[in-house]
Amino acid sequence: MRLQVDNLEFNYKDNNVLCNVNFCIDQPGIYCIIGPNGVGKTTLLQCIDRQLIPTKGSILIDNQNIFKMGRNDFSKIVGYVPQITFESFPTKVVDSVLLGRYPYSKYGYDKNDLDITLEALSDMGILDYSNCYTNELSTGQLQKVQIARGIVQQTRILLLDEPTSNLDVKHQISVFKSLKQLASIRKMVIIVVCHDINLAATYSDKLIVMCGGSIYAYGSPSDIITNNLMKNVYGIDCYVQSYNDKPYILYYE
Amino acid sequence: MTMDGNNLYLDRNNLYLAYLHDKLKSTIIIVILIILLVLFVGIGIGVGLYSISIGDVYSIIINHIFCNNPIDTVDDKVVWNLRLPRVLTAVVAGIGLAVAGSAMQNMLKNPLADPYTTGISSGACLGATIAITLGLPIVNTQYGIIINAFVLSLIPTLIILLITKYKRATPETIILIGVTLMFLFDGISAFVMLKADPNSLAAAYEWTIGTLNKASWDNILPMVLFVFPCSLLIFSTSRALDTLNSGESFSKSLGINVDKMRVFLLVIISMMVAGVISFTGVIGFIGLISPHIARILIGSENRPLIISSALVGALLMVIADILSKTISTSTLPIGIVTVMLGAPIFIVIYLKQKKVMW
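These protein sequences, in sequence, are chains V and H.
So the first sequence is numbered by numbering that gives the first Met the number 0: it starts at 0 and just counts up by one.
So the second sequence is numbered by numbering that gives the first Met the number 0: it starts at 0 and just counts up by one.
If you're looking for bench data, these hints aren't it; they were derived computationally from the structure.
Each hint should be verified, as a subset may be incorrect.
[What the hints assert, rightly or not] Covered stretches of chain V, going by a simulated chain H footprint (3 or more residues, C-beta under 8 Å):
1. 61-73
2. 80-93
3. 100-109
4. 179-191
A virtual CB, placed ideally from N, CA and C, is assigned to each residue, including glycine.
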């Protein structure tokens, strides 16, 4: 599995969002994208997911241009979990997650689809809620429903846009642990947009730091998280400590 | 195995059973709705100054269809020539409006959307009003009013389609432009009516309320030709509509072209609704509440929802027709009954449901 992004550029009308984005992922694992708001993290994810068409540059998966792949086949290779969205008309959790099987079962679900769904619900620790309606869940639980929906798509690459933004620390960690497990058991590439730098540094194999529409740094957390980076990317002063070979940020006034 | 009676199933196998149980429940509800519809269609045909029992109604219909030798009784004439077209028109119109409403609510992600959200009804009213009061049909035949209504009802949709060439077909665009066009067309209708003489004014007014008085076998065929193919096309998009319910970004990531789908549905819905209301006039409320009642009965998954909406819509229309014939001897326009019956029923159902659905 090799995901290669070359010279990617994306403009919204006159607004240049992404420019000269280059990186390559060739090992399964967790890859967190961090960076300040409005820096183009979601835009990058949506380009990789073919929701947005880049103005310039190319995205290759195993040396194949993603825009030349069959659309349905592509949905079996790359999955996307958007930022939290509430359903306009609530459905049962199990039905909601089954929707992720759409690329495989366009006309009806079989027992296999249901088994995969229940497995994902249990991975996310929300199996008990499978028969509840989505509007009866807490925001955090709903977020897990969305992640489960991404999992049942059984893709080799999974993109998640702020999957832990509404979770408390216990559930943040449990989500990252299950993502880590998916990455190692199913050899998946999991790309996560995350605002919690400490969490991202703890669980990701590599960090992608974005700044001003391009990649500022790409590498293992301990190598790239420095005082200097925090100053240049976020414009803040902080301590960077190390514990068990992982960097930790301590903010001060 | 439930916990706290909260439907918290613990065991995987039980969850599988629970899922099947849910689907079975949907099927049973649909079957019950079909039985009710058959029952009320029978009652609807039997009701009138010359009343016929429901058993007789169905035996007359079966005889008429399956017996080769011509049956020439009064009963047969009343059932076959007078009442069946009227009740079938109610059924077909109910199906069309309810399916359109259900698709409109889902694609616009808005519980307030109805088949008329895009201004179809106002266009149709204007077309009919022009034909009736000014005597200016586009084509001068007995179908003048119908064709006028049909053509003008599609104009707001065409304007929306033109606009989506320049602006994305988001729910907001469609609703805002639709409602704006509605006011515009209503304004023009009001202007035309002001200039009209009292007799044609009354006729135009009756048309805007919706009535089954003009139902005939000749009119049913074109209605059916609009309603059934369009309903099937809408039904075929139900999976895609399900994903849209979970957010546009999610649909897009599954490869669904959301904007194109909205435009496609908009065209289909408009054709279907125009096909119905140009024959019946603007029947209010059925397209708005049928999907909600169906959702309360069966949930929000689109495949069962579209089927049950269609059945609820047909059922409400047939019941409204029965009431319109029994309440007053002069037969009230059905549009009045659907609103006066529909509004209180809907409020009661909405308040009685245990779960807050949306």
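Hint check results:
1. Judged by the Cβ-Cβ criterion of 8 Å, the region 61-73 of chain V is covered by chain H as claimed, because 3 of its residues qualify and three suffice.
2. Counting residues of the region 80-93 of chain V whose C-beta sits closer than 8 Å to any C-beta of chain H gives 10, which meets the bar of three, so the coverage hint holds.
3. By the rule of at least three residues with a Cβ nearer than 8 Å to a Cβ of chain H, the coverage given for the region 100-109 of chain V holds, with 4 such residues.
4. Given a C-beta distance limit of less than 8 Å, the hint that chain H covers the region 179-191 of chain V is violated, as 0 residues qualify and 3 are needed.
Hint check: a violation occurs at hint 4 only; the rest are consistent with the structure.
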